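Protein chains in written order, with our numbering: chain A, 1 to 625; chain B, 1 to 625.
Source of the hints: derived by calculation from the structure; they are not laboratory data.
Do not take every clue at face value.
A pair counts as met if it fits within one copy or between any two copies, since identical chains are not told apart.
[Said to hold, decoys possible] Calculated lysine to aspartate or glutamate pairs in the EDC-like style (CA-CA distance at most 16 Å, straight line):
(1) Lys510 - Asp456
(2) Lys584 - Asp179
(3) Lys289 - Asp310
(4) Lys510 - Asp451
(5) Lys433 - Asp456
The model shown is predicted, which means the values in this text are computed figures rather than measured ones.
Number of protein chains: 2
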Amino acid sequence: MDSEQPHVEDQISLSKYSKRVILETILGRPDGGVGLIGRRIVVGGWVKSSREFRKEPEVQAPEALGPKDVSCVEVLQSRLPFFRSIIKVFGGDHHRMRDKLDTIIPKPPQPSISILQISDGSCVSSLRVLVDSALASPSHVMPTGTCILAEGIVQKPSLQDKEIIELKAEKILHVGLVDQDRYPLSKKRLPLELLRDSTHFRPRTTTVASVMRIRNALTQATNTFFHENRFLYVQVPIITTTDSEGSSKIFQVTTLPAKQKADDQSAATDDFEGVKLEIIKATIKEKSKQVEQLKRSDSNKEAVAAAIQDLKKTTELASQLEAKQKQKSGKHSVQTNNFSEDFFSCKTYLTVSGRLHLESYASALGNVYSFGPRFHANKFDSRSFWPRCGWLSLKWLFLNLSSDVSIENFYTFLMQFQDSMECAIDFLKFICKWILENCTEDLKFVSKRVDKLVVDRLQLIVTGPFEKISYTEAVEVLNKVTERKFETKVEWGASLNEEHESYLTEEIYKKPLIIYNHPKELKPFNVRLNDDGKTAAAFDIIVPKVGALIRGSQSEERFNMLSTRIKELGLEKKQYEWYLDLRKHGSVRCCGFSFLFDPLVLYATGLNDVRDAVPFPRSFGKANN
Amino acid sequence: MDSEQPHVEDQISLSKYSKRVILETILGRPDGGVGLIGRRIVVGGWVKSSREFRKEPEVQAPEALGPKDVSCVEVLQSRLPFFRSIIKVFGGDHHRMRDKLDTIIPKPPQPSISILQISDGSCVSSLRVLVDSALASPSHVMPTGTCILAEGIVQKPSLQDKEIIELKAEKILHVGLVDQDRYPLSKKRLPLELLRDSTHFRPRTTTVASVMRIRNALTQATNTFFHENRFLYVQVPIITTTDSEGSSKIFQVTTLPAKQKADDQSAATDDFEGVKLEIIKATIKEKSKQVEQLKRSDSNKEAVAAAIQDLKKTTELASQLEAKQKQKSGKHSVQTNNFSEDFFSCKTYLTVSGRLHLESYASALGNVYSFGPRFHANKFDSRSFWPRCGWLSLKWLFLNLSSDVSIENFYTFLMQFQDSMECAIDFLKFICKWILENCTEDLKFVSKRVDKLVVDRLQLIVTGPFEKISYTEAVEVLNKVTERKFETKVEWGASLNEEHESYLTEEIYKKPLIIYNHPKELKPFNVRLNDDGKTAAAFDIIVPKVGALIRGSQSEERFNMLSTRIKELGLEKKQYEWYLDLRKHGSVRCCGFSFLFDPLVLYATGLNDVRDAVPFPRSFGKANN
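When you get a sec, could you build the whole thing from the sequences and use the hints?
This is the structure in structure tokens:
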């Protein structure tokens, strides 16, 4: 069993379509790669960090140093480290100046070894690669971000540190240089906020790479779950004629050029200014209180006068804004675009939800699911605005991404609405278990670097029971809360805000929470009305940190009820004719849920902002590439 | 082993989240379900066809018939079959009239059995369900398309025919009625063209359901292949600021309202009319020939005169169109839209390709892939127009879908361009093998109903070798062809048309074909230039029936070369800055291919039109829902 290099080919896994060995298959081995010592392999990756190890003249074999007569160039060369340290002291760019020096002084074989840590994105760990200056100039291979493909021998570490193995390069197959001055990742540990400007480079950082690998595992787990439970995958359309089901702002798809300064746009601007106004009004309230306090506390008169002056200014600003808004509101004219000229001869949108379309497939094939982006042209997410970010922060303006990845599923012939919740719970447990088992190293890394509660949080879903309460119970429970004052009062009929939801799941029940049977007004038109005539057969699964992850419901299968709801909500009936058709002919009872993928990535990685969890985020005012 | 009902629960697979048994798990068993005889199960589905079996009065137990005194109602009732046959003879709607009769005559227990074939979309086969009229009125459950959920006992067939088992219903749990007069699928075997108007119902037909199950299997096979080969899944953006890479018309995404009768639109209309003009010119040519022939053949003078008159009319139409076009071409004005007002503060499009974005992840994580829709606002597909549809058919106008599903992948550190072809070949072989193994029943059905060559064609990919020829060789081979006259002459430098490609793969090599090293002008700007300075490192995989399935290439990793190509093609450099960045910093050699998913579905099902293979097709002038 322990014979010399038994079945060497089996010990490493080649990247099938190149001779490169994927680093994860070396560093991820239980022995950390020790069993591969002595093997010749090809590895590739990008330099994460580097050092230079100067060979002492005496340890070098004479033939490596060239002729014994020391030329003027060699004298200069031997002083290079000295020059470099001087340059460093004066704040010059080390590598850049070295390049210049290298140009001035013709290159002799440099007696040094570049010690590189390279990563190929397959795992958190990096491999140490030693590159002799005879193979490649240190100035070429050492800058962070350099791409290198090298053939060499796996050996025991030559330096005493935490590394278990290293690779001694014998042949350099490719070098992709870096313009270090302009490379955005030259600096170490850039904050995630800054990395958002370099979406094309950021997966090279250890954190974003980890997040993307976890994201990949979650995708895979999702497909596996639905496949194992015999759900068929259906591609729902991205371009649809059905608009937002009355719930959110949407993008239009067109081949017609856009109008300038048009009415819809000013409506959007109004929205924005409306929010600004609200903030200012809240500020006024706060400032008035302060003034009152100052007056009561007998502070010096100057302070009181200054506070009053400040309050006045703010009030003026508010009335200006208000006047502007009123003026505008009279101006809206009727839009009479002729969409028969557009590509599809009608108005088309980017889909906000694939549920209606998916349901038509559920009404034929039974259990189906879809997985893809849905688009909301919201400038802000009002629900997450107040409680999380504080009312003076403007961060929230970017909080709601324009494209969320969503998974929707539908299953027909459901016996009980409860079964639908069970399916959702099983699904959450399945995917959380999956990444606990398959992403150990990445979870360890994000626990260390981003949020140490990540694993506990995943365990909470995998092992813990889920609390189930009706919306009515939730309102009652919240109304009994005395130790916390909510920004918005809880009243039956009103939507539970993020502050309420997070208080319930984090403070009261301390576990994942299912809230079901919401007032019908809070749910889309097609959710089945319960027998009480007031609530709808819907449920939300709320988890700590990110809030609602899943929104499920039973669809209204009764033609008359559905038709009435469409009328009640003033939706354009023509758009839903095809959906109503499903009730006219062979209507089936079906349930389904939408699962928000991006918040789950936050939950599983500890990140706080969706923009760091999405490969190419799009948000209001921002589409980089 | 053969004891009475051993491990009954193991024998059938319940739909996990309802008590319904999925039909495929009964009918797809090796014994066809015989082993389940005597079991009580719940099944659901839609009625595919039905018959009514009238019980003879003598076989009925007296208590079932009620009191012996025959009332007036019963006399009428006993005459119902007679009334019905009369109504049928006079062409009346059988079911509809029956409903009316049922209303007139109060319902006694009807002595009949409805014999239903129901399908739940899980497999091709349907299950026979017997419903006694005491359980549900035949007029309710018999119409095609009725949804039914029933509990009953599996039994031996009571009628002598091909069925192996049937279900005797004991309880009806749900009935979804059908308005038979308006139900689009009431008629049997509707042509696929007609079904396109009912995208929301068509998966209930056996053919479309089969196609969608095959489509689902192909999706699953795709994910499995890339997962097994350690490719990470990356979601590339649907909304992008990078336009079409100069290759095709694109959709714009906006929250600004569209302009009416704008310049871009008239440009698009010009395109359309240009094509119309071309068709008319071709018609004129054809008609002139006919007139000459008529003159030569000494036909009667009237016929000749009529032909000349007809030709004149067509010519006039052509000159009118030509004049209109000329007039328009002078009118174009400069478009100066201010996109800073739009949602993203810049012009954004629906992506035509995820390759550039994916490459940035490949330049960090190694092997990556993506799977999603790409959008082309093409009114027609010029390549498939002439050879396939004939120049007088207008069908082609709808041929090119606006959203194709495409799979793209990238792998870095590729040793040889050849490896990239090997990966593409392995992928094709893998997915074709997958559906041969997993979709036996569906393939059998589409072979019978759509195209009997389906299985042979899949075998051709799985077992057969792929022929590899360079573009230059392909041109030489085509130029030697004498037995076929091509619509377009083959010249080095010109794109090979579908007619050329299909001739090569179907007639000359009779196997899948790889054509590589195309002239650089025919490939996107980012394909690596070969050392000859003329050709690019690209390859296409062409298969019989559908043409190009895969387009692969090596990316240009050299900054200067790439920059030059962008200039040469007059592309807007600013849009590609981020992509060029990848070459400035740690550039890596990488290869990838785009795989067109929808044509593969055609290949695997024998269908001829993508619109029948996509769940919700979108094409020029057509977006139903």
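Evaluation of the provided hints:
Taking identical chains as interchangeable, the C-alpha atoms of Lys510 and Asp456 lie at most 16 Å apart only when both belong to the same chain, with a minimum of 12 Å there against 59 Å between chains. In this assembly of identical chains, Lys584 and Asp179 lie within 16 Å of each other by CA distance solely across copies; the values are 6 Å between and 65 Å within a copy. Proximity of Lys289 and Asp310 under a CA criterion of 16 Å is satisfied intra-copy only: 13 Å inside one chain copy versus 89 Å between copies. Within a single copy, Lys510 and Asp451 get their C-alpha atoms no closer than 18 Å, and across copies no closer than 59 Å, so neither meets the 16 Å cut-off.
Within a single copy, Lys433 and Asp456 get their C-alpha atoms as close as 12 Å, which meets the 16 Å cut-off; across copies the closest is 42 Å, which misses it.
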